[in-house]
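In the order they appear, the protein sequences are chains A and B. To convert a position in the first sequence, counted from 1, into the working numbering, add 4. To convert a position in the second sequence, counted from 1, into the working numbering, add 137.
Don't take every hint at face value.
[As the list claims (entries may be wrong)] The calculated lysine-lysine pairs, modelled on DSS-like cross-linking and capped at a C-alpha distance of 25 Å, are:
#1 Lys609(B) to Lys545(B)
#2 Lys186(B) to Lys524(B)
#3 Lys57(A) to Lys417(B)
#4 Lys186(B) to Lys258(B)
#5 Lys524(B) to Lys272(B)
#6 Lys65(A) to Lys417(B)
Treat the hints as calculated values from the structure; they're not laboratory data.
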Amino acid sequence: MFIYFGFILLIAFNKPLLGSLVLPGLSLGILLGALVIVAAWILVFIYTRWLNKNYDDALEKLTRNHQ
Amino acid sequence: MHEFLSLYLPLAEVDIKSLGHFNPLAIFFFVVFVTISLGITYWSAKLTKSTSHFYTAGGNISGLQNSLALAGDFMSAASFLGIAGLVALNGFDGLIYSIGFLVGWPILMFLIAEPLRNLGKYTFADVVAYRLRQKPVRIAAAIGSLAVISFYLIAQMVGAGELIELLFGFEYELAVVIVGGVMMAYVIFGGMIATTWVQIIKAILLLSATVLLAILVLAQFHFSPTALFAAAADKYPGVLAPGKQVSDPFDAISLGMSLMFGTAGLPHILMRFYTVPDSKAARNSVAYATGLIGAFYLLTFILGFGAMVLVGQDAIKQIGSGGNMAAPMLAQFLGGDAFLGFIAAVSFATILAVVAGLTLSGAAALSHDLWVNVVRSGHADETEQFKVARFATAFLGALAILLGILFKGQNVAYMVGLAFAIAASANFPALLLSMLWKRLTTNAAVASMLVGTFSSLLLIYFSPTIQVTILKHASAPFPLKNPGLISIPLAFLVAIVISWLTHESSSQQRFVEMENRIHFGS
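All chains, please: the whole structure from these sequences, using the hints.
Right, dumping it as structure tokens:
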């Protein structure tokens, strides 16, 4: 979310920077854009994995102790 | 979500005479799809025995299946055709939309998905009303939902009519009636089971078509995306940098906010979380869906730049100034009439499936929220609920056809703009605060939903899109094309201020119980 917002703010206030070329054919804007998508993937992946591995077990223990 | 971009893509302005020749292969693929999907509907109808089956497929959809259905609900024809067109004509600016649509998903995941699954039954109003007074909350939530759904439906129907006229050579009215009729058959007889499976098939078709097109494009550039971008920049300098679509910084921020929070307020997306058995499946389905949708949007980028280089901006503009035909033209260029026919049929299937999902969530708001919980105070037997739900579906289907025909030739853009902005302003703040903030009161939630709905409606009415483009006035009282920057914070502010001014002890007492249920399920 903050990553995307940073990206939008760059678009809003610093257009020339995003137009500069990192490689021939690849502008910084396109590279960052693709990285925002990849960052979203990674965040969601880590979150899901953590919940599936740790959170559910901890929750189950709590539930058992409760009963 | 996805068709927000039509804000700049007036589907209505597509010149329908130039591409609308009869394509027998497109008709053939389309008939095959409709036959299979009606077969699924027949099978689902036998399984649909209760309202729980009707609204949520009995909670028996697996995480993976749900992720495909979520992706299907989200990737509408306009996001396939529209983003490709936007990128083809504007280059980098199209990327803002692709990314914005995706970024809503982590937010949905971290804040909404699991609590929603554990607290609600059929609609998101179940969650907002959980510890508040039922009737006022449900009425306000239904108003917000129906506003989102209506504008979304109009945009889909008008878009459908025009695309089909263009791709198949049917009359506009006939196309709208076909879409409405087939969609009603899915929903009335097959309920959520049929809608989900139609959505899954369509998602697979759409993803395969996109992958195939992208591979064919990249094959022309030695499988190097940077070679493709370089060719685009050679032909049209400046397309790799932000351009004229986002010239006003505040418009860019406002658009970003609506795209980001709109996803978490779309009724037909939220409803999908009730179709899975538990919160773990809900979580996994968002994870897979984020992967699928992200891949899809990355690929539409290749398609857009591909169309820009291979078909050329002038040729695309000749068919329609909005650029919606960029992807089909690219398909024809790369694979001839057969591939064009396939892409056309996939686009039609996509519209059908999205309209079905929208109608079902609208029917749930009308029958579950308004009829059962407000009119009947929660006391309605199974047969009655079922009857009302089907009646509501038929009503919405007829309404969709009527609106589609009434709004023929209208610029669909502002209605989709409304749908996203209302979803982000009306539904999202109240939903989020109801789950996280102990002090929230009934009056505050109701006021927030109503203020969110009507402020976004008003601001869009006074925006340049309506005042200058449609009503041809010289200037607009409200400078931004998108109301999100004002209406989303306003809805939050109203909820917080009114909660401070009022006190509701029953709501605070039930907060702990609700928190337990969020974590442990029912």
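Between Lys65(A) and Lys417(B), does the CA-CA distance stay at or below 25 Å?
-> Holds: Lys65(A) and Lys417(B) sit about 16 Å apart, inside 25 Å.
With a cut-off of 25 Å on the C-alpha distance, tell me whether Lys609(B) and Lys545(B) pass.
-> holds (19 Å)
Agreement of Lys57(A) and Lys417(B) with the hint, judged by alpha carbon distance not exceeding 25 Å | holds (11 Å)
Holds or violated: Lys186(B) to Lys258(B), with C-alpha atoms at most 25 Å apart = holds (17 Å)
Given pair status - Lys272(B), Lys524(B), alpha carbons within 25 Å = holds (21 Å)
Lys186(B) and Lys524(B): Cα distance at most 25 Å?
-> holds (12 Å)
Violated hints are absent here; each numbered hint is respected by the structure.
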